[in-house]
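Engineer: Here is what each chain is made of, one letter per residue.
There are 4 protein chains.
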Amino acid sequence: MNQNIFENEFTDGIHEECGVFGIYDLDGGEVASSIYYGLFALQHRGQESCGIAVSDTKGPKGKVLAYKDMGLVNEVFTPETLDKLNGNIGIGHVRYSTAGSSSRENAQPLVLNYVKGTLGIAHNGNLINAIELRKELEYTGAIFQTTIDSEVIAYHIARERLNCGAVEQAVARAMDKIKGAYSLIVMSPRKLIGARDPYGFKPLCVGKRDNAYVLASETCALDAVGAEFIRDVLPGEIVTINSDGIVSDTSRCNQKISRCIFEYIYFARPDSTFDGVSVYNSRIMAGRLLAKLHPVEADLVVGVPESGNDAALGYSLETDIPYGKAFVKNNYVGRTFIKPKQNQRETSVRIKLNVLKEVVKDKRIIMIDDSIVRGTTSARIVGMLKAAGAKEVHVRISSPPFKYPCYFGTDIPSGDQLIATGHTIEEIRNMIGADSLGYLEVETLPELIDEGMTFCDGCFTGNYPMEPPEDDIRGEYER
Amino acid sequence: MNQNIFENEFTDGIHEECGVFGIYDLDGGEVASSIYYGLFALQHRGQESCGIAVSDTKGPKGKVLAYKDMGLVNEVFTPETLDKLNGNIGIGHVRYSTAGSSSRENAQPLVLNYVKGTLGIAHNGNLINAIELRKELEYTGAIFQTTIDSEVIAYHIARERLNCGAVEQAVARAMDKIKGAYSLIVMSPRKLIGARDPYGFKPLCVGKRDNAYVLASETCALDAVGAEFIRDVLPGEIVTINSDGIVSDTSRCNQKISRCIFEYIYFARPDSTFDGVSVYNSRIMAGRLLAKLHPVEADLVVGVPESGNDAALGYSLETDIPYGKAFVKNNYVGRTFIKPKQNQRETSVRIKLNVLKEVVKDKRIIMIDDSIVRGTTSARIVGMLKAAGAKEVHVRISSPPFKYPCYFGTDIPSGDQLIATGHTIEEIRNMIGADSLGYLEVETLPELIDEGMTFCDGCFTGNYPMEPPEDDIRGEYER
Amino acid sequence: MNQNIFENEFTDGIHEECGVFGIYDLDGGEVASSIYYGLFALQHRGQESCGIAVSDTKGPKGKVLAYKDMGLVNEVFTPETLDKLNGNIGIGHVRYSTAGSSSRENAQPLVLNYVKGTLGIAHNGNLINAIELRKELEYTGAIFQTTIDSEVIAYHIARERLNCGAVEQAVARAMDKIKGAYSLIVMSPRKLIGARDPYGFKPLCVGKRDNAYVLASETCALDAVGAEFIRDVLPGEIVTINSDGIVSDTSRCNQKISRCIFEYIYFARPDSTFDGVSVYNSRIMAGRLLAKLHPVEADLVVGVPESGNDAALGYSLETDIPYGKAFVKNNYVGRTFIKPKQNQRETSVRIKLNVLKEVVKDKRIIMIDDSIVRGTTSARIVGMLKAAGAKEVHVRISSPPFKYPCYFGTDIPSGDQLIATGHTIEEIRNMIGADSLGYLEVETLPELIDEGMTFCDGCFTGNYPMEPPEDDIRGEYER
Amino acid sequence: MNQNIFENEFTDGIHEECGVFGIYDLDGGEVASSIYYGLFALQHRGQESCGIAVSDTKGPKGKVLAYKDMGLVNEVFTPETLDKLNGNIGIGHVRYSTAGSSSRENAQPLVLNYVKGTLGIAHNGNLINAIELRKELEYTGAIFQTTIDSEVIAYHIARERLNCGAVEQAVARAMDKIKGAYSLIVMSPRKLIGARDPYGFKPLCVGKRDNAYVLASETCALDAVGAEFIRDVLPGEIVTINSDGIVSDTSRCNQKISRCIFEYIYFARPDSTFDGVSVYNSRIMAGRLLAKLHPVEADLVVGVPESGNDAALGYSLETDIPYGKAFVKNNYVGRTFIKPKQNQRETSVRIKLNVLKEVVKDKRIIMIDDSIVRGTTSARIVGMLKAAGAKEVHVRISSPPFKYPCYFGTDIPSGDQLIATGHTIEEIRNMIGADSLGYLEVETLPELIDEGMTFCDGCFTGNYPMEPPEDDIRGEYER
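Chains as they are written, first to last, in our numbering: chain A, 662 to 1140; chain B, 662 to 1140; chain C, 662 to 1140; chain D, 662 to 1140.
Fair warning: there could be bad hints in the mix.
The list makes no distinction among identical chains, and a pair is therefore deemed to hold if it is satisfied within one copy or across any two copies.
[What the hints assert, rightly or not] Result set (EDC-like, lysine to aspartate or glutamate): computed pairs, CA atoms no more than 16 Å apart in a straight line:
| hint | residue 1 | residue 2 |
| --- | --- | --- |
| 1 | Lys719 | Glu691 |
| 2 | Lys1000 | Glu736 |
| 3 | Lys990 | Glu967 |
| 4 | Lys953 | Asp981 |
| 5 | Lys869 | Glu1007 |
| 6 | Lys1000 | Glu741 |
| 7 | Lys1000 | Asp744 |
| 8 | Lys1022 | Asp960 |
| 9 | Lys840 | Glu793 |
| 10 | Lys869 | Asp905 |
| 11 | Lys1047 | Glu1019 |
| 12 | Lys777 | Glu797 |
| 13 | Lys838 | Glu793 |
Just so you know, these hints were derived from the structure itself, not from any lab. Quick caveat, the model's predicted, so the values are computed rather than measured.
Construct the entire structure; sequences and hints are all you get.
Structural biologist: Structure below.
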């Protein structure tokens, strides 16, 4: 719990997927507990560490109270801690990172002091020129105490601020330097600022509750705190909330938008809506598309819980093959679950997932999952269905095959760890023991969202909206 | 975490709902980790405390290693703790009790020393003559250090053992004294014993993995540890596992069976099977029955997650009204969740459950839940659907109305706290704001299970299979 | 921290040294925090576990609130926990036991329910017929959940209570059955009872603060809570405090008294007074006696901190050889100190104790310690003095040589682990590397206390005030 | 435990008193456990937080493993944590800070990445131009994540390093910028560097164990790890340990030395030696001086434990008035001790300290303490002696009266909180209830140390070795 040993502290933890939340109550009401509930709603975006930082816009300038640690929102915050976090403006963060790179030092929000007082920063995404910028900064004498991009962004804001009249201008100029995916919430003593990269990789939205403005990664967090959805922050836009209300700077909204399509397919909560498209509807549509692309005669459509269920429902709606439940998921298997050792008879998959034998026995099953990464889990699940007596198992995947790494904030590994990179679909089918296997096709992805909406499909096609670094920057520091 | 303050230590905590697990590896293999995974699979039966006790049948007689504490299996056990629990025979327990009565002292298994060495006891159920027996024992000088029935049972086994040649005979004679619901696992230095009360209120089954025998509350725990289901322990039966294998004593199997029907409707995991009936199928059938009893024109059938989903699917299958998802549940809201205060804008229900607005908007919704206790939660959920734009909300409950308390191991409160006791269905409909409301009828309950199977419906009818105590014993000690 | 794994749960932990505290505020004031501070003052008597149990004499009969756990008073209790322990009557306990036998189950006070309601018991001492009594009880069907003598005592009180009009009479009759050393505090719903075994092995005293009566192992605990010392409980006496005040039963005060002389020499805090004799004065006198028995020419008298310092001062006062400080003790080395491994350059002794080189260099040192058990620590300390340049090191021990085990509540091991059992003083001197070595003589022990006071010197002479069990009962259950 | 809420994060915590430790094993041996034991020996210098950072000089450059947290060395480190900290070069830190400013963020060592890889910094002392330097740095775009001086120092090293061929040169140039008191240990991937400010306020010494070099605040830490004392780092000196051995840069050793005299009087452990003078001898001498300056007829000299004991012994040696023990200190009152509330009968002083009544009764007592800050504690202790029957209490203080704040690393508050600032000695005597009161005189302080040694007596005289900041910088950020 208290682990802050960091191996290669300055090397990894770059490819995280996170959630951000911010709130400014213009009437002066306390905001810490709303941040707490907002982070709860965003917990699926990061389960390793979390944090809250608050300030009182009527209090002494620059007094920031913060608390962050490794663990779930549930575990990190107690009523006593929340009660101490007094303030009417605040930001929160939940974080995920790949194993080994997680450390308490890297927990967000980042809180710092600079020439104009204090600054809090919460960031979701991944900069592709972070290493480059760090080196540049180091060559002017900068020191780094974390490995998170937020520290690089903070330095740029701090430096630009020397020549800017307002912090939001410094944020804007910093945005001209940083490249990649970022949804950013910045708290200065008197302002709450939200910014989204011009490509719009990662979501960010604005809500309102009485006289309080809310910024959040997903709309489900607005619902959780009783705020009304106002609009998405535009790709490239900077919104600044101060005591007078909300101001927008859209001068950087000039890029062809490259939404992360995987937010719709997998990351986001189904009750969220991004850029006008319901995540749930996207997934239903993915199931319908799969049904059209890869029809098969069967008795039952089932999803691999939880993420496969919605597409399974879509497949069923499209085909009239009954939707059913084949798996029971153990919801108690949490972070501290002790994994079975090699020589034990139990397996992690079986402990997490059990098959409803009487449902699948003697049935032809269509099993929907959102993706296949290494293939081992899929093989085990197919095996469990067969062992339970399923006559046929037809696997359908509600995304195209992963073939390329993601450099924009998603933990998709490099190609050699992706089953789809080196194998044909038939080979994969064989490896996972399915009777048939069908993926969604890249060409059909536009149907998941609204007409005219553009997105990034780099992990499927290798065509990235901006040049990825020559080397896989995600391993740079590790050499 | 470390709380063992006990208010009215000797008064409450009597009506718990628990899960039990036991294993004896005749080949001498270590069993602690299998108990750990078995308890994981039974975690839904009790989330307050848990424990494991093991012994080595080849080691010095009576050496028992045990560990128990407040918390989830996940939280209580670490790899280091598990590694220390060496033994090839062992039992485990997960416990739930009503608020206030939980205390570390009451965690199970109970481990004790008596005239013949050591004994470990894990118990699920509720004795109706526990108070009476405690008083009798006290009048012979007994002392009690917990408020759990296991201690009463232990005393009886210890006393009977003075005149019995074998511990299983002492268990048998103890069973002649205790009345009520119990599924019991007893570990002596060289034997593992399972017993089920003659009414068969609570489930208990036997499984096998290679040369290891397993006893568990539910079959899903057998699946979790890779054991094969052999059979249910019969109501009234005592099974004894020793180095020679398994022996059965069915001399007490003479009672009309009164299975707890609510295990099928709500308690058990859908992937479990009791007395030959799949829990999942029961719930699908409950939905189908509801559809026949209370049909209504609508656009969508939805379940209140998780427990309402299966019956909703059954309703949909029966009616061809599409099954859908109206709610997203936040799986991260755990034991230590900080509840919103009265004056906060957030509510517990909204934080745990969010409505998929685009799904329910302008739709006529059939909403299935497993039960209504006080009615407040139902009212909030119906309200959320309406606020999201649902045109109509028709509530269907996959059980008959609760009108009477349960004395047999279920936390159903006394009548004055049950909305159905003092109100007509129309009144309840009005109170929860539904457009229509339909319950399952007591007469149709037999259809949930197999022909000829008998069960207890006391909580619906007040007709208990045995005379309940004159006073509500569950409050006896509190006065 | 949460360790309650118990190895040989029913076997060991019999030879503990503990501290007890009780308070009854007749005016109804809260007592939990006074118990907390009282236990603090008694912490030196037991550092493994501690606990507090309270009751409200005006509240519902038998409502007991308790909290206990492994750890120091400091670690176990938080302000929140103390605040919940509401009551005007209560008892507390600190416990020590030999390694391996410590477990959360064995923490005291023992709280239980019996025929007349609730009972809390805190016990310091060791019964020599505990095994025998346990067996007897087991043969009538008793079950044991701990390995502490309190449970045996509790059973006897409970059984006797069936035929007694008052709990103090039951305590009295139980005293007729139990044999050995015990200072006992019992809390019933309306009474606080203190009892001391007829031999008076272990101390127990009565104090008063306004209208509150206090019972404690040592007078230093009275000082800590601002209570005035009234008197010692007499060996064999039972004092009962109820709403009318204090009542005494001295009908069992008929034994030749056998105070544990080691309480004066080592166990007790120097600011405590037992049976009229100041512990500090005893130790000064021990030093003076040593000076007379074993004079030697030297430059400096030093004590091994902390316990050797007082006798060193006595030696200096008697001889006019200057008293000095040769060692600095590291007060931060606590329970969780990580011991150096075999292959490390550091040693536990050196980390705990450092020598003041400039003080001892070229000096002839008289080094006073309270005892030598195995001799290894003494050898290391003498070695450190020599390495720091001491010309001569004359070791003086303020007690006679340990040659026999203690059966009465002190953790003195059996003879084969005692250096003095198999070796002459000259051999020991040689083994620890001292230039000379002198012990106190058994014959002179009476001078440590007042004329006519009698005591137990069994650990030095093997002459026990009552027949010890044939076998070393302390290992009985371990075979 | 997990508290990292920071109030005025960028405002306070500047005036800490700390301990530092560093070790480089040229033979490649593991050093983490030696750092652990070294920090143990320095624990008295800081009890709020501690940390260890290690690196392997043969491993990949810049791989640093670190662990730090709030708490004692005992509490923060477990065997598992220590085992993970692999490396043959490392630094450690213990930290104290005034209440309110403590936070996990401020725990040391500071570990960071900069242009040349990684750097670890541990610092004891206080810069008087830290605020100024922070502002300067901020005006070039620097950001600060802590409020500790180490971060300021780190920035300067990082910037200077851009133009230096070696890290020790960068440290040297940084020393030309920073002003105030500092003993510094810096770890680069291949070097361990120790530096002491030219005034020599704070101690730092070098030791050796086989082929491992050790740096430590006090010699007692060398003893703890079995290292031999080599020499003190000179005021202004930089020592650099690399694979070839140790190199010294004395080019900044040009200042009149201003040792903190309070290290001798109070801070340091008596078994340490600074700049050739034994701390213990200093204190004995302080007692002797007091005896000469303020003689009085009396029966007993006693010290207020622990820090007054040595001077009491000196007073006794000088006067032949017997040395005695009047107080017993409760060693278990630790960090988490629950303080008595206002309305409770217990007081913190009485719980921590008890009087040996039989020792002081009817006696004329000379009571030695090291200092009086606010006077309230002294008043309580004198009161306790009188209540125990002391006829007279003559208080002697082994330092001159505090009248001025300290700006150089000591937590001496500003004048308005110091009893000696606004009152005459006679007034103070009256306020604490003593029969007479005598302080050490500033003029006699040179006698505590060796002839010719110079020191800082600013807290007594207001004459600081360098101009203190105009405003009390220690409160600067708080306004």
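Engineer: Work down the list of hints and note, for each, if the structure agrees.
Structural biologist: Structure-based check of all given hints:
With identical chains, the CA atoms of lysine 719 and glutamate 691 are at most 16 Å apart within one copy only, with a shortest distance of 12 Å there and 42 Å across copies. For the identical chains of this complex, lysine 1000 and glutamate 736 are inter-copy neighbours only, at 14 Å across copies versus 21 Å inside a copy, given an alpha-carbon limit of 16 Å. In the homo-oligomer, the alpha carbons of lysine 990 and glutamate 967 lie at most 16 Å apart both inside one protomer (8 Å) and across protomers (11 Å), since each shortest distance falls under that limit. Only within a single protomer do lysine 953 and aspartate 981 lie at most 16 Å apart by alpha-carbon distance; the minimum there is 12 Å, versus 22 Å between protomers.
For the homomeric pair lysine 869 and glutamate 1007, the shortest alpha-carbon distance between copies (14 Å) is at most 16 Å, but the shortest distance inside one copy (49 Å) is not. Proximity of lysine 1000 to glutamate 741 under the C-alpha cut-off of 16 Å is restricted to the inter-copy arrangement: shortest distance 13 Å between copies versus 33 Å within a copy. Taking the shortest alpha-carbon separations for lysine 1000 and aspartate 744, only the inter-copy value of 13 Å comes in at or below 16 Å, while the best intra-copy value is 36 Å. For the homomeric pair lysine 1022 and aspartate 960, the shortest alpha-carbon distance inside one copy (11 Å) is at most 16 Å, but the shortest distance between copies (31 Å) is not.
Proximity of lysine 840 and glutamate 793 under a CA criterion of 16 Å is satisfied intra-copy only: 10 Å inside one chain copy versus 34 Å between copies. In this assembly of identical chains, the alpha carbons of lysine 869 and aspartate 905 lie at most 16 Å apart only when taken from the same copy (14 Å versus 65 Å across copies). Within a single copy, lysine 1047 and glutamate 1019 get their C-alpha atoms as close as 12 Å, which meets the 16 Å cut-off; across copies the closest is 37 Å, which misses it. Within a single copy, lysine 777 and glutamate 797 get their C-alpha atoms only as close as 23 Å, which misses the 16 Å cut-off; across copies the closest is 12 Å, which meets it.
Proximity of lysine 838 and glutamate 793 under a CA criterion of 16 Å is satisfied intra-copy only: 11 Å inside one chain copy versus 30 Å between copies.
Of the numbered hints given earlier, the model fails none.
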